[in-house]
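For reference, the chains in residue letters:
There are 4 protein chains.
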Amino acid sequence: MTKEKLRVGILGATGAVGQKFIEVLDGHPWFEITALAASARSAGKRYAEAANWIGSSAIPPRIAGMEVVAAAPDLDADFVFSGLDSSAAGEIEPLFARAGYPVISNASNYRMAEDVPLLIPEVNPDHTGLIDFQDRGDGFIVTNPNCSTVGLVCALKPLFDRFGVDAAHVVTMQALSGAGYPGVSSLDALGNVVPYIAGEEDKVVTEPNKLLGRLTEGRIDPAALRISAQCTRAPVLEGHLEAVSVRFPGKVQAEDVKSALRAWRSPIADYGLPTAPARFIEVFEDARFPQPRRHVGLGRGMTVSVGRIRPCEVLDVKFIVLSHNTIRGAAGGAVLNAELLAKQGRLARRAY
Amino acid sequence: MTKEKLRVGILGATGAVGQKFIEVLDGHPWFEITALAASARSAGKRYAEAANWIGSSAIPPRIAGMEVVAAAPDLDADFVFSGLDSSAAGEIEPLFARAGYPVISNASNYRMAEDVPLLIPEVNPDHTGLIDFQDRGDGFIVTNPNCSTVGLVCALKPLFDRFGVDAAHVVTMQALSGAGYPGVSSLDALGNVVPYIAGEEDKVVTEPNKLLGRLTEGRIDPAALRISAQCTRAPVLEGHLEAVSVRFPGKVQAEDVKSALRAWRSPIADYGLPTAPARFIEVFEDARFPQPRRHVGLGRGMTVSVGRIRPCEVLDVKFIVLSHNTIRGAAGGAVLNAELLAKQGRLARRAY
Amino acid sequence: MTKEKLRVGILGATGAVGQKFIEVLDGHPWFEITALAASARSAGKRYAEAANWIGSSAIPPRIAGMEVVAAAPDLDADFVFSGLDSSAAGEIEPLFARAGYPVISNASNYRMAEDVPLLIPEVNPDHTGLIDFQDRGDGFIVTNPNCSTVGLVCALKPLFDRFGVDAAHVVTMQALSGAGYPGVSSLDALGNVVPYIAGEEDKVVTEPNKLLGRLTEGRIDPAALRISAQCTRAPVLEGHLEAVSVRFPGKVQAEDVKSALRAWRSPIADYGLPTAPARFIEVFEDARFPQPRRHVGLGRGMTVSVGRIRPCEVLDVKFIVLSHNTIRGAAGGAVLNAELLAKQGRLARRAY
Amino acid sequence: MTKEKLRVGILGATGAVGQKFIEVLDGHPWFEITALAASARSAGKRYAEAANWIGSSAIPPRIAGMEVVAAAPDLDADFVFSGLDSSAAGEIEPLFARAGYPVISNASNYRMAEDVPLLIPEVNPDHTGLIDFQDRGDGFIVTNPNCSTVGLVCALKPLFDRFGVDAAHVVTMQALSGAGYPGVSSLDALGNVVPYIAGEEDKVVTEPNKLLGRLTEGRIDPAALRISAQCTRAPVLEGHLEAVSVRFPGKVQAEDVKSALRAWRSPIADYGLPTAPARFIEVFEDARFPQPRRHVGLGRGMTVSVGRIRPCEVLDVKFIVLSHNTIRGAAGGAVLNAELLAKQGRLARRAY
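Protein chains in written order, with this note's numbering: chain A, 1 to 352; chain B, 1001 to 1352; chain C, 2001 to 2352; chain D, 3001 to 3352.
Heads up, some of the hints might be wrong.
To be verified - As a list, the in silico DSSO-like pairs of lysine-lysine whose alpha-carbon atoms are at most 27 Å apart:
{"id": "1", "chain 1": "A", "residue 1": "Lys-203", "chain 2": "B", "residue 2": "Lys-1258"}
{"id": "2", "chain 1": "C", "residue 1": "Lys-2258", "chain 2": "D", "residue 2": "Lys-3203"}
{"id": "3", "chain 1": "A", "residue 1": "Lys-258", "chain 2": "B", "residue 2": "Lys-1258"}
FYI, nobody ran anything at the bench for these hints, they're computed from the structure.
As the structure is a prediction and not an experimental result, all values here were calculated from the model.
All chains should be built: construct the whole structure from the sequences, respecting the hints.
This is how it looks when you write it as structure tokens:
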């Protein structure tokens, strides 16, 4: 790669997602944070004062002392990560693209836009080709999927490639960190499960078909899976657990699913992307696994865990998926997207 | 009913289920605890010493001072509730039936036995007729279903009656109390979801068809629903939450399900059973409900709550069910079974 | 008492404390809720719509349909309970007193005011005499102490009366419900203890001396205990646990403390107040007790539990105290205050 | 140090502490695990099968495949770490010492034995001199303190050196992992605090005086602090939080304590021990800190955190201490002890 690190700006740097970007990028071999952007209220303050840091490791010292700036497109950065709330992302992200910045966004606003890649590098790395058809200025926008979409699609991809998939039924038990900070009240969380997360189920139903779709002639031809999602919030800190049942067009058995997951080889396996896990999917034989508390950190939060693969009496095969919602499902996924783009030569030093 | 209360013995009185029987029977208008039976280790001790009481209300004073006796069939009781572990129930329950005691059991051993009623009074009260064909001595055995079966079947019954049901897909998030005491280790429970409960899914798959079956000529002709269950353990104290999707033989919409649940009238509504809740099924419109911590106590733990009734993209209609696992799903359900039997004249004062 | 129930208004009726007032007053034999007052934003709505009800029992049906009114002193009520935030109570409570309403407040604003009784009926029932010297209009203000003060003072009172007390050192582990709703973020609460609660320690240091003081010549002569408090927030729903160490002026041993607590007789024991618990203080011998989850509900949340009474190597005697923070420590304590005032003839039907 | 790594055996390798030893030693630059010893039941099995691994990272692959052997003194190791239960340690540890093995033990059995060093390298590194007077064969036994003692003593040491300490009063809120696995029942842990831990308070009262004592003429002359401990179990996974109040012989203020903690320099600061944290004590100014979930991992679990240093109204100064109970308070502490011994030349390759 480049000898010199690419300079990175973070939009929404003081929020929960922004903080996770800072954690994931700490010590990154290719990227270096050079700008922390947030709302006018934070601008001008030292980062350590502006952010209510919620992480369990300390703020990296170099970051703690940096001055927060306003989220306007004159940032000292070669590209930006966006951890903006969707209330702000809709307006701000296009401004940055227009001003020539590649915008690697975790926000939901442009995920389903026709000209914007919705990207999981191991799943649809070729979708970055959509950038060539994107007309949003000298920069562009690339997005990663919703945190509850990611685990599902990563587990489905090897099955989709091998067998095709007709339908997927998923019930999620999602971690509290997915709601940001302060997010869920402790009185709703402790000893409770909330069977509803506003807007979540729609994302799980729509995003997979774009992710599993095919890029042809400058547009994504979506896949046609029928997906049903029931999304719940469980008292877990990190890690979305999902109970998935799949219906295939042909006869597929649990053992077939197991071997397909084990045999599947990521298309980016040889790219040497720093954030890509050694093992994309970990398949468990122990019926008690995977569990959020024990396995969420596998592959530094980038491995997707699958267990309890067995026949489904109503559809065909069912299993459990676990993925890290704020790493694989948010900041880590976005950083991997940026690494893929860098590898493809789509990120470069900006001239000033 | 009888002017004089029926005398009740509790088998396994010191265990978690036995304790719940004591709580539920405290102040019962028809039944009075006259015998507390447990293992040889506890026999001879005062109950307050023999039991490691885990409840949040105190041991009823009269019970605290009673002497625990061995679980042998010379109990001073007109009938017995069995809260025995399945390791003991298989042998001990038939001894009591043989000795003339009606045995109202919460254990799993005889639930699927051909001659033993598996009973939810609101669902299949006529199945007590099976007792007439049971040949286990002067007494008999009656069982209630597994705690995770109960909520599902209570919600399905009105739909089964009105529309028929082809298939049901259920993912459970079950409370810790379902595992007894000490049960689940806190290191497995806190901030975690365990995607496996040994033996649980089989029960959820098989029991509903017996419960929804038809009694003809001294046997149960089972229903033929295809059921798929994924059972998980969540860090909740009381209350099993279930995400259910249903496929119907004909065209049934979410609104039809809602009105069927609301219109359905329990066949025992006029029986005046003390433990029967005023409302068997509570249907919620608020998408955030039901929740274990807030709604598990409705109808003193005997009401089954249903919410989020909406179309399912893969099957037909999906919804959330909540039921109290140690009351409706265990001790309360068994007491209601006994009340039904008393009402039907199948329980009587025993001569000595 | 009065044949006819006294009419009660609740200020701040939609908040967490207001909701608890509604729960505690449901079915009250002396008092009947006739007015629900809240902010302008809620005024005009049905209560069920205005309040985000967080309780685990349903809103009492009669209350659910009542219209919320603005918190202005033309309420249809003989007296009012105030569950107002301290940001509003400072201004609104005196308006009601001035307009002739007795104000039974849970807010902190006037607790330490010289002319306002700070009241625990079992501890200092004679302090209501201060009302005769209060010059705030035809009505008056009476307050109950902070939720973390209550358990401490209830446990100290019998010791203070018998032995005197020089100093008390207390470390609290306080429940989440004490912070209201949404209150503490689940990300701060789950699997964590927060060693700080803003403003809390000051209240625990100052309020006990007023509560244990003596009413003379129209003023409270405070006691002179030295108190040190360290207040922490633990992931518990209801129930403040406190580790207390006490230094006495003379030689007092653990057994003396135990017998003093057991022998002590509440001055209001014969008053027949409906909310007063049968047992004011419950002393446990089992070293594992009291525990929030198991014992917080004793005496319907009005009993104070004490356990592990033993020598302290640094002060003299140490023990554990548990009290229900939203019942004994808030709404239940205020209702008991009103019952005492009613018994003393200080509450009456208001003419209009 | 030695070019070649020292060979390490772990006694009790399959238990909770043994597992933590494996985690802490993974990739250790000086030590290499060569023997995993456990009970007869586990001997002969592969480690991955013998152990119910509870950690959140995977078993290091080299360890997973090793064969577990019986805990008898013919282990292929230069020295051993003991994670044995106290029921086994009393007998087995002396056998190993007699057979020539240095035994670095986390068990409580010999902590208070007159000839056995109780060691925290930053606190009393010279106490290893006691080994020269120990007559237990060619090997020896060295111990680390109880997990709830460690945080207290680390925070007291700089104060003891600078001002002397008369008395310390501590209330602990201890993590569930301190009870091992399965340890505390989830029904006791969830939403609860248990105000009692069997045997714990005695250890906190006695161990500090040995740790702060002076080695003279082959024995430890203990310090004479009066210590009072109230130990509770809170629903936290890792990290003991302690509310400490201290009385000094002279006039010492909160600011003095703060600067003493900040100025104090560890006697082993220059030893280059791999497990020693860069910062032994971290002092927080933010009143909300330290918190178990956020700060337990500082210094890879070896830093002790102190916050809320302020005047105590009853003793002199009070503050909050947090330490990692299974790293600093168990396996990590023992490994640091071994590193100190290696540095001092007290560990060597064993001849065979």
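Checked hints:
no. : hint                    : in the structure
1   : A:Lys-203 x B:Lys-1258  : 25 Å, holds
2   : C:Lys-2258 x D:Lys-3203 : 25 Å, holds
3   : A:Lys-258 x B:Lys-1258  : 39 Å, violated
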